[in-house]
Amino acid sequence: MNKLKLIIQHEYMTIVGKKSFIIMTLLIPFLIILVGCIPVLLAYINNSADTSVTRIAVIDESNQFGAAFKNSTNYNFVVMNGDQSFNPHEFYQKAGDSLDAIVVIPADVLNTQQATIYSENAIDNSTIGYLTSCLNDTLASAKIASFNDPELQSKIEQSQVNASIKSIKWDETGKEQEQSAEIASVLGMILAFLTYTFVLSYGAMIMNSVIEEKTNRIVEVIVSSCRPMELMMGKIIGVGLVGLTQFAIWVVLLGIAGSVLGMLGLGAGAVASPEAMTAGMNLPQGSVDTELSGIISALTSINYVSLLGNFVIYFIGGYLLYASLFAGFGSAVDQASDSSQFTMPIILIMVVALYAGVACIENPSGPMAVWCSIIPFTSPIVMMVRLPFDVPWWQLLLSIALLYATALLCIWISARIYRTGILLYGKKRSLKEVVKWIK
Amino acid sequence: MNFIDVNSVVKQYDGHLALDHVDLHVPQGCIYGLLGPNGAGKTSLIRIINRITRADSGTVLLNGREMVQSDIANIGYLPEERGLYKKLKVGDEIVYLAQLKGMPKRLAVSEMEKWLQRFDLTEWKGRKVEELSKGMQQKVQFITTVIHRPQLLIFDEPFSGFDPVNAEQLKREIMQLCNEGATILFSTHNMASVEEICEQITLINHSRVVLEGRVDDIKQQHKKNLFVVNVKGGKAIDPCDNLFEIVPSHEHSGTLIKLNKGVTLHDTIAYLNDHYTLTGITEQLPSMHEIFIETVQG
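Sequences listed follow chains A and B, in order.
For the first sequence, counting from 1, position 283 maps to 283 in this note's numbering; every step adds exactly one.
Counting the second sequence from 1 gives a position; this note's numbering is that position plus 439.
Honestly, I wouldn't trust all of these hints.
As the list claims (entries may be wrong) - Covered stretches of chain A, as calculated for chain B (at least 3 residues, CB under 8 Å):
1. 154-160
2. 368-374
What the hints assert, rightly or not - If you want the footprint, here are the derived chain B segments under chain A, 3+ residues with CB under 8 Å:
3. 488-496
4. 528-539
5. 712-722
Keep in mind the hints are simulated off the structure, nothing from the lab.
The C-beta atom is built at its ideal place from N, Cα and C for all residues, glycine as well.
All chains should be built: construct the whole structure from the sequences, respecting the hints.
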């Protein structure tokens, strides 16, 4: 027992003491935020960098809708009346470099609802979008005006609806709690991804560590001081504790970031930002307020203690299961490059579990979700998706019991592979041969 | 009394017989050579004594009683394929491995300081193992083997990778450990070192013990009636069909003769005295190297 503790301590300190661990632990949350921000940032750069002006001649054969197109920072329109004898190509040639495109509004545009744009260059989607929205607005106004009802416009505006379903959940005491399926799904998916990436990356870390000990031959010295099982378990537990430490640091960082944001953002933001947002998004202020408070109330309605507790239970179970397999199979190879034949099946199972998790978002209580959250190899990931949606306790208990029983079985199998594998060098081992070692 | 008694140990791997009813009896406080060509089964036997693997049948007794897991704290093992954690600092590595052998941390630290000083490695204590030269790494490995003062030391090719100066220091340390009461099992191909430091040997070939006993006795058993004869003036000696033949050799300062079967040394000296002015005659015992090759090649 003492030796196991010593090995756990050694494995833990070897990783946690590394500069790369400290840097990555602190950096990864920022990297994730950065990756999330990149699309927004790119869109911003794209918009702000585009200062070129597209010059478009509008040939209005209807003599009515030429004014539909408003000049903007990116578009400059010149409106001309025309008729059906107009030849756009000739006009374009004559105009030379002073023109980028020609829009022709046909005489019966109100009926056909179609205009045409000509150019020698490809017309981008944002230009088409801008022209279409201008034309839509103008044609719609013209149609409304054709009814000769001065109040029609305001009637139409008043009849615009934006309905939503509010989801209320009763807790044990019958108290009402607002919940949001989207937020629960997002939360579940985040936990599933966390489990997937953690188990995979720490599993690979264990495998590399086993191979490294074998390659530099220290393993023979170590197993002359302790049992192979102690070494393997010490490694698995030590590395697992590193994972939990990293997770705990992230939870604390998230908590700090949340409370800082809460103090800075929500104090002032609850009043100021919805206004700013409504101004920018042309939404009625009330709806943003409701949405924001809806998110906050949905977030607060989740039972974090049980969620985190279950996450840790599943994380440990799933980790033990997969990490022991990584350790066992790692011992069967001499170098990391030979390990793919053994890691491939493990990774495939994990990918299947992740896909099952994604598929279960749609129906977290459906038969597939229930089965996949009970089968031990997929349950650590799929159950994460189901957890925010209150899983029946018997399913939870059955799933946890099966997961831990399978994890113990995997540890037993891996230990048998490990004690033989670590001392064999040279020849590349086949899966069949490795299975023989279990007997 | 024997410190280790290996009795009729059998070990089989995948249909290959690695040890076939092997016996080994190592007396307390002895430097014992375990010899044999590559693949003979030495490492298999060492791993069984170390409890890294189990024998299929047979027993291993330590101090007259069956070995148990806790006995490994009393063994120091230097494997042929050396291995250390390359990224660990020298001091931390030695202390960790000593603790794994059951040494309390405080004692491990103070012993580590002593041994580093003894091997002139104190200034390297805080450096990573990978920064050390191969020779220095070997010394660190040696320290990790002996730091917990085990009663049984198993050295597998201890001198490989050492230059002559360091090999000499290592030899002195091994002798010193033996004088302090440790029993040493010494596996090697280096026959010169066997002659120099081993009192007894066991030679394994094709998974079986083919030769065992005291080094001196084995040499006597394998002697071939060879003598180096020196006569006045360094004159060459002519063969004498009744008594001896001349063995061509450039390694000796005199003439190498081989006595015929049944001929006594007394008769030979009498003959030589009659015909030459004899200045010296020395018996030429076979080296362990020759005995090894002769035994292994059958």
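Now the hints, each set against the structure:
1. 154-160: violated (count 0)
2. 368-374: violated (count 0)
3. 488-496: holds (count 4)
4. 528-539: The restraint on the segment 528-539 of chain B holds, since 4 of its residues have a Cβ under 8 Å from chain A and three suffice.
5. 712-722: Since three or more residues must qualify, the claim that chain A covers the segment 712-722 of chain B is violated, with 0 doing so at under 8 Å.
Checked against the numbered hints given earlier, this structure breaks hints 1, 2 and 5; the rest are met.
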